[in-house]
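Novice: This is what each chain is made of:
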Amino acid sequence: MSEPLPLPDTASEPARAASSRWANRARYAVFWGAPPALWQAAFFLVPLCFLIAMTFWSVRNFRLAPDSTLANWTFILTAGFFRNAYVYTFWLSALTALIASLAAFPAAYTLAYKVSPATRRLMIFMLVVPFFTSYPVRIYSTQIFFSPQGIINTVLVPLGLGPLQVLNTPTGTVVGYLVLTLPLVVLLQTFALSNVPRILIEAAHNLGCGRFRTIWQVIIPSARIGLIVAGTFAFVLAFGDYVAPTYLGGSKPPTLSILIADQVKSGNNWPRASVVAATMILTLMMVMLVMIALAYGRRKGRG
Amino acid sequence: MAIPMIELDRVAKHYGDQAAVADVSFDIEKGEFIALMGPSGCGKTTTLRMIAGLDQPTSGEIRLWGRRLNEDAPWERDAPLVWQSYALFPFLSVRKNVEFGLKQRGLPAAERRRKADEWMERLGIAGFAERGVDQLSGGQRQRVALARALALEPEMLLLDEPLSALDPHLRVRMQSELVRLHRELGITFICVTHSHSEAFAMADRVVIMNEGRVQQVGAPRDIYRRAANRFVAEFVGGNNLFAGTASSAGTRLRVDGPFGTALAPRPAEFTFQDGDAVTLVVAADRIELAPAPMGADNEVEGRVVTLDFVGSSVTVFLETAGGAELRIQQSLSQIENTPLSPGQTITARWSQDVGFFLSS
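Residue numbers (this note's numbering), protein chains in the order written: chain X, 22 to 324; chain V, 10 to 369.
No lab work stands behind these hints: they were computed from the structure. For every residue, glycine included, the Cβ atom is placed at its ideal position computed from N, Cα and C. Any given hint might turn out to be false.
To be verified - Some chain V residues near chain X, calculated using beta-carbon distances under 8 angstroms:
(1) Trp84
(2) Trp92
(3) Phe100
So that you can see chain V by itself, here it is in the shape it has in the complex (with noise of 0.2 angstroms):
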């Protein structure tokens, strides 16, 4: 098998007691973009700032196509970073920021000229070339940011947390941006985010952190559809899990809970005994609704606590008998028939086959 283009191999960061990364592996292949993400606290920075040089690992190896990194000091490493609070010089001018990666590159000055304009040219900042950062605003000063990271025509751009300081309609912008620029330049991103909706947005493959350990990586898809771990099904979102205890059912399992009985397809890698605890995952977007129940399997009754609308997607928030909570997310368009207020009564269904098991 080709060597991947960067390996973290059990990289372990600590600060005395303290380990702020406890053991994470995986694997970054050339021309990815990859999001590390999870709550704050979860190593996903030092686990970026790692792979930059600016801290070491107390144990554990970052790998460059096969090579050993650790030691390489961090302006030895390809590896430019995009600040959350963008790091701009103050004192110099946003052509100087630009140039300044050139510069320590040994470049000639018109050959640092040129490539900053045409990096400045791209990113819609050739009109603030000769001002100090100090006079731009947030979204500009990002740019140059960029500019000064990509100048150096590097191999990985990282991020960290690049959208988290802009206001909500540029995050938007900015987000899409960084998709077409990684497209574009066919470069590795590795960006640091704490929001899953960045991270599913704008990632090949996503990194989920938790307390220094990979919990998850995967395709966006892939973490909506299959969470590998309890953090991972309530990170995300989206997810109901389902408490109760199973029960043989043929080549299904069938749980009971506070929510009413349900079956699911056996799990393959694990067993379970009959009376097991299980905690059975369904995303919220597989559930459909219906006014009163048709006697299948897999079928809920509830009240409508809450409706919850955010654009054209709607989550209604269920509550049954039991006391168990559901959530159910549909489309604006697939509800307009189903008259819904709170209090009343309706019926929630999915198919058999989209719930899972959590292993613990």
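Okay, chain X solo, but in the shape it has when bound (with noise of 0.2 angstroms):
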């Protein structure tokens, strides 16, 4: 019993399995993980630190020139025409959210519950309809329904409800926005609700808990995550959208990307479009933080 025992070997043999097995995974998570992650940094990040850099830039004599200045930010910050644009913007798009998740809701209760599989199935197709066909073509027809000779106030004239003054209006905004994203939202909410356990909803029931009742007190909790992702997705679209309030909306009083377009159009000012850019994807990201909070929070009331 002279010769050293051969323990330590053994002892590092599993070890050295589980670091080999660790690095197996890495290796296929990077493969796997890489494309995206390049293509999110070409398109994203990188763009994305330009913008940041270009909020810094001065123009000067409409030509655009590398600097360290905070002027852009005091300017647009300082801005009423900017705060108004924000306001409104913000209004605007959290109406529509609320709109589109309120509107949503009994087309999403129908199709999770009320319908036969096959007929949920041929409507969840007809809802992603809507996003063959691009979508300035789809506001452009909307302009026509609405307008003065359009097929809308055609048939309310006559009836003595018109004309139906939409576009050129806050309505026209919220009208594009809805038209953006109310198919997702049903979509979003028909996918939340169809996940939400029958058994709950038939416990409730059990338990002396009325169909309305039901909605309010089982439905919604056990949605909530993605009820809110819908509402929130449908805040990001109409918060970023340029075509609604430019077709629908008219341009007046401008949205924040109405007011990223003006700077450039207007002085070639691309430093302060960007900054108006910058604080729009901050207030999403914000907002998107919030909402997060909001979906997957430790519950401490608990109802």
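Once you've looked at the hints, go ahead and assemble the two chains, each given alone in its own frame, into the complex.
Specialist: Next up, the structure:
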């Protein structure tokens, strides 16, 4: 028994196997994760950094010049027109998220609970159809619908109910936002409601909870994450949209996206446009964080 | 005659051309512990769900105290159910789960709280009142589900496989606890189970179902001692079914088959001609073992195939020369003086009075 025991070797064997397993998994993750990561880096992160950098540049004689000035930030953040546009855009987007969420719910409820699986599949397909046509085309057709000689006014005016003035009003903008977001919100809500365990609804009924109260007390709390995600999507899409406020809202008052376009068009002021864009990105990040906290937050009160 | 509490009158439930429940009729008296038992797919859960109003009968009538119940919405009924998977609300605390039904009845918050406390205390979950249900073990969740249902102080409690998700030692404890609760509360318990040991241990009466039909309704003892048909005799277990040919033997009927020859009382309800094929049922625990035949009737010699020990009872499997298999159930103390080992030949013997015939 004078020879050394081969113990250290056998002991390190599992450790080595574990580390090589880990290395394998890391290689696997890098291989499959790299393409989207590279894509995001090239077309999102780098432009974003460039955008942030540009907020500190200056414009001389309609020419961009790299700089490190805070002038753009002070100008935009103190400008009345920016503050008005910011509040206006935030308000209309929030309103859109609310209207879309409320309007979508009965449809999503019906699709999730009241129709056969075959009908549900068909309707879900129909909800995807709007995305086949490009969004500006859909906005143009909405414009035609609401124009003074459009279908809606042709029907309403003889009934003494018109003319309906929707174009070039905030209502027009919201209608456009809804054209963009409503099908998506219905889809997301349908998926959220479909995932509510049927047995919880039955348990509620069994304990004396009628149909409408069950919606409030069981279905909405159970589908909370999905419903909040759907509303947040509507807000995010509306907040950055340029088409609806331009063609249905008539650009007046301007939203933040219109402001960006204005800064670029009049005076080639890319740095100021970048400041507006940066505040929008920041706002969306904050909104997302708040919504995620709302959706996933440990519910302290528990109903 | 007084009106029974619950009547199921030719109730059927069809899904398309599939009958989940084909034709079910039975009554339940107030304060009974009823077990609905049968193999999976026999329609027992659907029957329970129809009593709760979660499924509508396709035909037939369910009555509560003589009043038709079919059209009542589930939330208008007083029949809380304890689900196999508990169906607790994961977004509510234990307390809020227990209070849920009381809230629907519009009880003021203080009253709700008092009742919830009382029931959580009674079921031993008061310590978890503020926890989320996802932080509880299976046994604790079951208690929350029971508290949630019983807090409504209903006149009946429905239980869907209440013990099958629990581990074995917890199952035995919960079983006796359910029996105790039933005795203390004096309300009607209707319990669905596929396990005859559960059903027979807990219930006053057992409804045995198969393929959407009631096979037999009766007290556990009666079902064990007098199975109504072949399905019941086989499903409840512990029975020997001897197939043979009948012949007259005075006041008794004689059966000859692969197991040998046996005598049994002539059935009162139906008649057999000599030479008819019949099935004689003899309960396994009514057969005795002896080292050698004594020349009496109803004696069968056989070779011991296996011995199956469960707790303090042993089931002996014998094979006769004719190829029939017998099962004999004895308590360990009964066979202590009879040395038994596989391969050995032994005599099985039973009284002429304990056998009975199946109708078909």
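Novice: Next step is simple, just say for each hint if it's right about the structure.
Specialist: Hint by hint, here is what the structure shows:
Residue-level restraint check for Trp84 of chain V holds (minimum Cβ-Cβ distance to chain X is 5 angstroms; threshold 8 angstroms). This hint holds: Trp92 of chain V has a C-beta 6 angstroms from the nearest C-beta of chain X, less than the 8 angstroms allowed. Annotation: interface hint on Phe100 of chain V holds; nearest CB of chain X at approximately 4 angstroms, less than 8 angstroms.
Checked against the numbered hints given earlier, this structure breaks none of them.
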